[in-house]
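**Q** So you can see what is in the structure, the chains are spelled out below.
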Amino acid sequence: MMHRPRSLGSDLRWWWRHARPYAGWFALGIGVSIVTVSANMALLAVAGWFIASMAAAGLAGVDMNYFTPAAMIRGLAITRTGGRYLERLITHDATLRLLTGLRVWFYRQIEPLSTVDLHNGDLLARVRSDIDTLDHVYLRLVAPVIVGLVCLAGAGAVMWLYSPVVALVNLILLGIAGVALPGLVCHLGRRPGAAAVDDAARLKAASVDWVEGLGELTVFGAAAARRTAIGALSRDWIARQRTLSRLNGLSSAGVLLLTNLAIAGTAAVVVPLIRSGALQAVDFAPLVMLVMGCFEAVALMPGAWQSLGQVRAATARLRAFEHREPAVAEPADPAPAPASDAIRFEHVGARYEATGAWALQGVSLDITPGEHIAIVGPSGAGKSTFVNLLLRLADIQQGDIVWDDRSLSAYRAADLRARIAVVPQRVYLFHTSVRENLLVGGPQATAQRMIAAARIAGIHDDIAALPEGYDTIVGEEGLRLSGGQIRRIGIARALLRDAPMVILDEPFEGLDAATAARLWARLERHLADKTLIVISHDMARVRAFARVLVFENGRLVADGDPATLAERCDTYRRLTRAHFARDLPPVSAPASAPLSIRRLA
Amino acid sequence: MSTSNPSAAWLKAESEVVRRPVGRAIAIESLGGGLLIAQAAVLAHVANAVIFAGAALADVTAWLFAFLALIALRALLAYAGERARFEAAATIKTAIRDRLFRQIEALGIVWQRRMASGDVVETLTDGVEKLEAYYGRYLSQTAIAVLLPIAILAVITPIDWLSGLVLLATAPLIPVFMIFIGKGAEKLNQRQWRRLGLLSGHFLDALQGLTTLRIFNLGARESRLIERLSDDYRRSTMAVLRIAFLSSLVLEFLATVSIALVAVLIGFRLMWGQLGFEAGFLVLLLAPEFYLPLRNMGSVYHARMEAIAAAERMVEIFDAPTLEWQGTRRDVFAAAPPRLTLAGLTYTYPDNDAPALAGIDLAIAPGETIAVVGASGAGKSTLALALLGLIKADHGDLRIDEVPLADIAIEAWHEQLAWVPQQPRLFHASVRDNLRVGGVSADDTALWAALERAQARDFVAALPQGLDTPIGERGLRLSGGQAQRLAIARAFVRDARFVVVDEISAHLDADNERRLITALAALARGRTMVLIAHRLASVIHTDRIVVMDRGRIVEQGSHAQLLARGGIYARLAAGAAMLAA
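These protein sequence lines are chains A and F, in that order. Terminal number for the first sequence in UniProt numbering: 601, no gaps in between. Terminal number for the second sequence in UniProt numbering: 581, no gaps in between.
Isolated chain A (complex conformation):
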């Protein structure tokens, strides 16, 4: 995927566009934060002035108004403490609101994209963490920089009242410490930083290879050698980190040096001013303490440089999804949903990349409503593309598909999908309850209908045996189901849809022969009057169909009844003959209808 680098200005506008709905919150957070940091600066300065004045008063034996400064000190301490608490609540709340907005935005962006773009699980996992990374934009980038600069400027203004020279010395030294030095370090660290990211990626890739290939590497006696090579990669990575760590060390040493130099500089400027009478002697203490109070503001900013790189990389990856063409364009003026399901393929060709190989080419055929069709072919033959075209998950590049006398492109995709119930080759179970997973097929379906569908799919008994029945959580991090169980949940889900056309992609995979046979008997009965398309490599099952389509290398090589195909089609014969059945067929075919059907009826 391309990540076109955009200008910082463009990224800033993009962030602003997403942040605008919550701008009030963001501004409030920054405001409170400024108050908090300033309160600390003021606290130190007032404390310095207070003790110097009190000492002077004590020495002179005069009284002074100590109530006001003492109350100020207490007030500032409380403002500081409460402000920090409020600030953290406000900024976190605003950030979480922003992340919600971003998640919804991103989901809407990719919803219409082609499935091919979304096949990469790593990519999606990265997008998830990229969105989470964007909380840095405010928390680590915008807010600290604004707060740091405003507070430094404020301190500078206060110093200016005492002496413009002191203000200048401090603004220069602290400016270098807070902005220029971290900027330089960040610049110097960019190359080793990028190299470290590469090193990490290399180490990861090599580790994946090693872990997944351990069996072969062991047999070929290559595991130890590879492990040594990976050890070298790990050391390379750490060496690169060492460079970065040195830069980091130099940076923190530099900040320490510059900020403390500001104290020494302030002293060197202030002493002559005091002696000349331009400043009072007690002013020395608050000025020095104010400089120390600025350290917090300075410390806010260096992190921003580091975050900037991360945040912009994440933004670039997310923005790459903007303005991408949807897989299938929706018609401007959609035709009403088709009334019948007569479908005709006219010299259809499709491919996933503009110059790639044809996934399907020159396919012509008719599908009559209510027809039952099996599709067979070796892997890569174009069977899945055939289904994707009907579902409008991929677009046609050549020829046309005519559905109820209109081109497929005339209809809204949703109207067509509403007429199809499909069990894809890889059934995806969401990480939620079995019930919710089934109801994906029919969100409004009653419990009775759901259970009836589960019975037909032969999964009801399995579900009932789960620890919490239909409420058991399944999916990636939930209960592990067998491949066959997942498939049957997929079938039940599709049955709930009650659509006029049903497509089953390898419905019997992972089922033992007896279960498959019983399932098929129920499905055949239940789906008798619907259009049914079954993709299967289970040739024993395919032989029972009246019509079989044979695909090979993207072409429809034969279309006919099994007996004719067995006689005339080489590919069909080869497919039939080539393989051992994966499971032992039962010695006697199951003749009796299973119990659940009778209960249903």
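Just so you know, the hints here were simulated from the structure itself, not pulled from any lab data. Heads up, a few of these hints could be off.
What the hints assert, rightly or not - Below 20 Å or equal to it, Euclidean Cα-Cα: the simulated SDA-like pairs (lysine to any residue) are: (1) F:K130 <-> A:D236; (2) F:K130 <-> A:N248; (3) F:K12 <-> F:E87.
Guided by the hints, dock chain F onto chain A, whose structure is given.
**A** Chain F alone, transformed into the frame defined by chain A:
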């Protein structure tokens, strides 16, 4: 901060390795802390001289130079400290990563296959990196959080016992709050993390299941659901944070209010003449530094929690039992293909009741090609693993040329072998490097010859960079048939005397299938071969067909003999049988 957690205990035990660099880091930072106190004393002296002794710049120049020297030294120490901490972390990361790799290698294939590889890789890479925070920061910072406040207290108390008392009174509250943060916030944090995990998981779930949502026309509904869940999460997180931030509020309050209190108290004692300004100012300068290392502990503690979480997986890996082979003999192999004799071989996978191999008796003659067929789960792959010396049989006898495998050095047996798995691992490297896994020294001529015999020469020659084309995970994708032929070429490069092949089970197009069968026939020549077969065409020409069912050999013989028997083989080959009928 208890160490009742086994991974916390493990982290602590491992720190023995880096005692020196961590000790060095602590020494450097303690020295820096000492210089910080000295610097404050110099500044207090200068302030006193300027404010109350009427000192001119020339009078304090020497002191200001001392101040500059101190900050220069502190800067040097800051750099040295960073380096010492880094070296501590680097040493232990390298050592633990290396040990993890060795351990995983020693665990054997059963363990390796049961682990989620993504999880293991995560542990090996980012997991190990997370230890950095523990060894590079947590250990030294904890020491400093104890040492520096004590040193400051030791300086302040003789000067001004009252301020010392204020600091001393608040200081014990801080460890108490650390424990509060440790226990309470840990729980809150974990709950919040779980919620975040749930939400984040749901979002990822929706993205991964997008096609499903789309074909069921549920896209719009899902976007509303994401919004609702995300907002629920915000609300519940804020409820948690309102409490979680309280602990830092209290810490902040203690630190800030104590400083304010110290300032006010000093002010009055100065006015009453009970304290000199220099001493009072020094106390005021040092008071914030007293709390600073304690306040930093919050973030360090969080890093420790992450390190503990990462260590959990490592402890699990180190505690797992390794697969040990004790054999040492290397002198058993002749230059000819070996004879294999299996007697009563049994194997049961861990956590499994049913044996995968339930007493296998089989003799394989030198140079013989045996096809193994059977339903999935019959034990074919387990048999292959046992022959390859990747698992160790529970009982029974496996002999190579009459010598028990248990007596043979396992690497020596591996040197006699080649393996063509059903889905061979193509490493992310060039075709050449992938083939050379079979033999590191093979030159290009030998590689092309191997490709030729494996029927893979044409497609490799057609690749954009020939032998240099990168393949594997991030390289060019090959079809299943092509990948298997490359694995066969790898076996030719190996020129092994015994080959185990697990034939690809997917339907292949005519060209791919014909080439595969030709390549396998060539590979069988002059070798002892065990072929786990899925195709009729590939078993018909083998010397003998062995039929497995539920961990046993139930039938053996030629294709014709077995068909005639009408047993399991005949049913497995039902497609062909029905077609013939």
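**Q** Please go over all the hints and tell whether each is borne out by the structure.
**A** Here is what the structure says about each hint:
no., hint, verdict
1, F:K130 <-> A:D236, "holds (18 Å)"
2, F:K130 <-> A:N248, "holds (18 Å)"
3, F:K12 <-> F:E87, "holds (17 Å)"
When held up to the earlier numbered hints, the structure conflicts with none and fits them all.
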